[in-house]
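Engineer: Respectively, the protein sequence lines represent chains A and B.
Note that our numbering has the first sequence beginning at 1, numbered continuously upward.
Note that our numbering has the second sequence beginning at 494, numbered continuously upward.
In case anyone wonders, no lab produced these hints; they're calculated from the structure.
A few of these clues could be false.
Stated by the list, open to error - To be clear about the criterion: a stretch of chain B counts as covered by chain A if any three or more of its residues have a C-beta under 8 Å from a C-beta of chain A, and this derived list gives those stretches:
1) 551–558
2) 589–599
3) 836–844
C-beta: ideal position from N, C-alpha, C; glycine also.
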Amino acid sequence: MRPTELTIAEGLAALERRELSAAEWAAACLDAVERLNPRLNAFITVTAEQAMAAARASDARRARGEAGPLDGVPLAIKDLFCTEGVPTTAASRILDGFVPPYESTVTAQLKRDGAVFVGKANLDEFAMGSSNLTSAYGGVENPWKRGDAPGVRLVPGGSSGGSAAAVAARLVPGATGTDTGGSIRQPAAFCGIAGIKPTYGRCSRYGIVAFASSLDQAGPFARTVEDCAILLRSMSGHDPKDSTSADRPVPDFRAAVARGVKGLRIGVPREYRAEGMPAEIEALWQQGLAWLRDGGAEIVDVSLPHTRHALPTYYVVAPAEASSNLARYDGVRFGRRVLRQGDDLRAMYEATRAEGFGREVQRRILIGTYVLSAGYYDAYYLKAQKVRALIARDFAEAWTKVDALLTPTAPSAAFAEGEKQDDPVAMYLNDIFTVTANLAGLPGLSVPAGLDAQGLPLGLQVIGRPFDEEGVLAVGGAIERAAGFRAAPEVRA
Amino acid sequence: MSYRIEGATGHWEVVIGLEVHAQILSRAKLFSGAPTAFGAEPNSQVSFVDAGFPGMLPVINRECVAQAVRTGLGLNAEIHLWSRFDRKNYFYADLPQGYQISQYAHPVVGKGSVEIELSDGTTRTIGITRLHLEQDAGKSLHDQHPTKSFIDLNRSGVALMEIVSEPDMRSPEEAGAYLAKLRQIMRYLGTCDGNMDEGSMRADVNVSVRKPGEGFRTRCEVKNVNSIRFVMQAVEAEARRQIELWEQGGTVEQETRLFDTARGVTRSMRSKEDAHDYRYFPDPDLPPLVLDAAWVEELRAALPELPDARRARYMRDFGLSAYDAGVLTAERETAAYFETVAAGRDPKQAANWVMGDLFAALNRTKRDIASSPVAAADLGALLDLMADGTLSGKLAKEVFEAMVDTGRPPAAIVEERGLRQVTDSGAIEAAVDAVLAAHADKVAEYRSGKDKLFGFFVGQVMKAMAGKANPALVNEVLKARLT
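Whole structure, please, built from the sequences with the hints as guidance.
Structural biologist: See the structure below:
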């Protein structure tokens, strides 16, 4: 048995049968990280010693019969979650030297349930990007290769690129991510794994470096839908420290995965037929619908008429909130400070933020500052909020007819480093199918469903009603079983 | 009579509106659990939320909201059951988040009013535009080091109420009276201690001038004035500056100014063009603040009696003059003290003792009424000892002074010092006889018509009895002996 090949469900079963120890599992992961991370660059920080100590403590708990629901499961943590005593960078120079004296609620809950943290995963700087190329710690290599060009480095997607690549390459069986406009679902699709962004408010945002507060949600990556369900249960729940977290019970997500789709009505939003979308993706979408129909679901055409405004709306709302959220990185209290002889406060701000933030982050701060400015607020921010309400209404309308929606996750398979780099708008188009769920606060899951002609994975997205992660997982589970996706990337442990 | 400033071109009227920042009395800050004690070691009252650390989120402190609602109710204002927090964005070293959370567009309290009394006995109603909740910034210390500024974040995140008035005031006196009234109401409510020297209350003063009968002219805002006296001075200084400007053919530009207390003038701080663009937008970390109407009614029902109502009651039920009632209700603690003394006793006598002997003693000992050396119940007991004849008025004063010095109850002092009034008629008769025998000449003069000598005999008797004789009995015995 190769521990790195185990899913979380398999690994937990093996631990319970004492066929595997948490220490062995962690050691196998750390060994894989040591061998492959220099190439993949999926981790910014590897916490080998802490991981081994945590794994041994987990084994001791299991021996005492006190194992938690995730006891001994090695995980990668997106380096946007503050982890007590472990550097947290948000992949930005501006957080150089920052070691949080506190733990995010989501990671605290994972630890509470026994998870073992292998390290902090790479990401786009402040989670702003769809390629992981905006990271101050360098890009992450997608472990998948194009059949006709195995030497070309492909991006893992973003912003949670390190988390997705680490899971796909079997460095860890699961990881945390955050999703503001698609940052879990798009990299999951690019890396051939599953990832779910739950309903806004399902997971606490406390201790997660904020990008856009009204859109940010944490969620898990894993190689199976069931594993995502297992992780999500530990990550979810009301947190009095986050006023936007939802005070409602956390269901047994895992039980929903095998529920099937019999009798469900699945919507096909006609506005998601993007112009220029590859035929392979259209074909996979139809295939997905056919699988669900075969599973007993009814397929219903629906309209989400404001969809075409979603991307512009997102690129007003998210930068606006970011411009304010990132004001605290000013060199005064933590992180990087650039202070030249004779500089006053303003010069210190300018130098610190000019050197500390990368170009994409600066671009979004400028966009956000602009759309909130006096004289432009009504035309941009206020208008965007109104459109956002209309988008949410489109979905509410759809839920009167269907139980879930099926769409492609992204308009393409993973692209190469260098592609789409010159034109920020081309990069932003990656989010075209995913931003709507963030704007409306809905749960969205990406499940690997097939390969394109180059052998690259493609994902399908399931969007569900608010707080109906169970329904989303049920549909995702049905597609996963029908697709029988077994392919693995070139680069793996 | 209306306040007017005499300029070269005739009379000018002053128009004043105040924005008062009042620190809410609460144990914890507005959005974090950190404590709010004044005068603590720098940066000792700071949570990671207050310091703007990554991933930290605000959580509203319900007690601060209750305090704002209480204050709104005390200002006869409408309470908005739906309000919202916005972010006011600007960079400064003592603003850790890079924005202040404030209720810009949708305040928790709307229109209200307060009544002020002026020295000529007239009253005026000043409109309240709104009251909103916001967090305070930290403090920058520029005088601790030759090249560095120090930052103290103890204040960062402390809950403030910004109370905005209508431009209803027309004189420095009205501005001062309004501030004093606001402070009195908040102290009664226990929502703000009103200590301007500690910065718990500060005012931005909006001033414009106009010819009587005109519409409003351009106003200037004098920022952060920290005493009632300075507010009154700033109004006058700023009004005179504007009048001079208008009369010289100039124009008043809308700007923010500072009051130089040393020189008694206002100085420009920044013009409208330099004004920050605060880029207000709803704080996405905080859902709208939705209040339950029943909860507001609970707070209303639990409000203490406010100064205006209490003053009216003192005049109506106790028969006190408007002046005395005003003095006794000025501070909640004074009123409470007075009511303890007056309970079941003669309210006018109680008022005289509190405003006379007690206030004098507090002045002398430099104490306030909350730390009075004489407890209210003890002063009441002293009044009882007078009423039952144990003490004469003169003895009572002596006992009171001993109470101030020792803090002991009057009965104990009377016992210890043997100050009990002598009402034994045998002893008094003996003393009277001795005095009359010793002053036979004066007795003869009295009997021949020199009535004024009666007082002399009283004095001699009292002296012989060390002041302890019951004066009424002395009078009675003397009269009987001398007729």
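Engineer: Take the hints in turn and mark each one as holding or not.
Structural biologist: Verification of the hints:
1. Beta-carbon proximity to chain A at under 8 Å applies to 3 residues in the stretch 551–558 of chain B; the threshold of 3 is reached and the given coverage holds.
2. Interface restraint, the stretch 589–599 of chain B with chain A: holds (4 residues with C-beta to C-beta distance below 8 Å; minimum three).
3. With 0 residues carrying a beta carbon less than 8 Å from a beta carbon of chain A, the stretch 836–844 of chain B misses the three-residue requirement, and the given coverage is violated.
Of the numbered hints listed earlier, the single one contradicted by the structure is hint 3.
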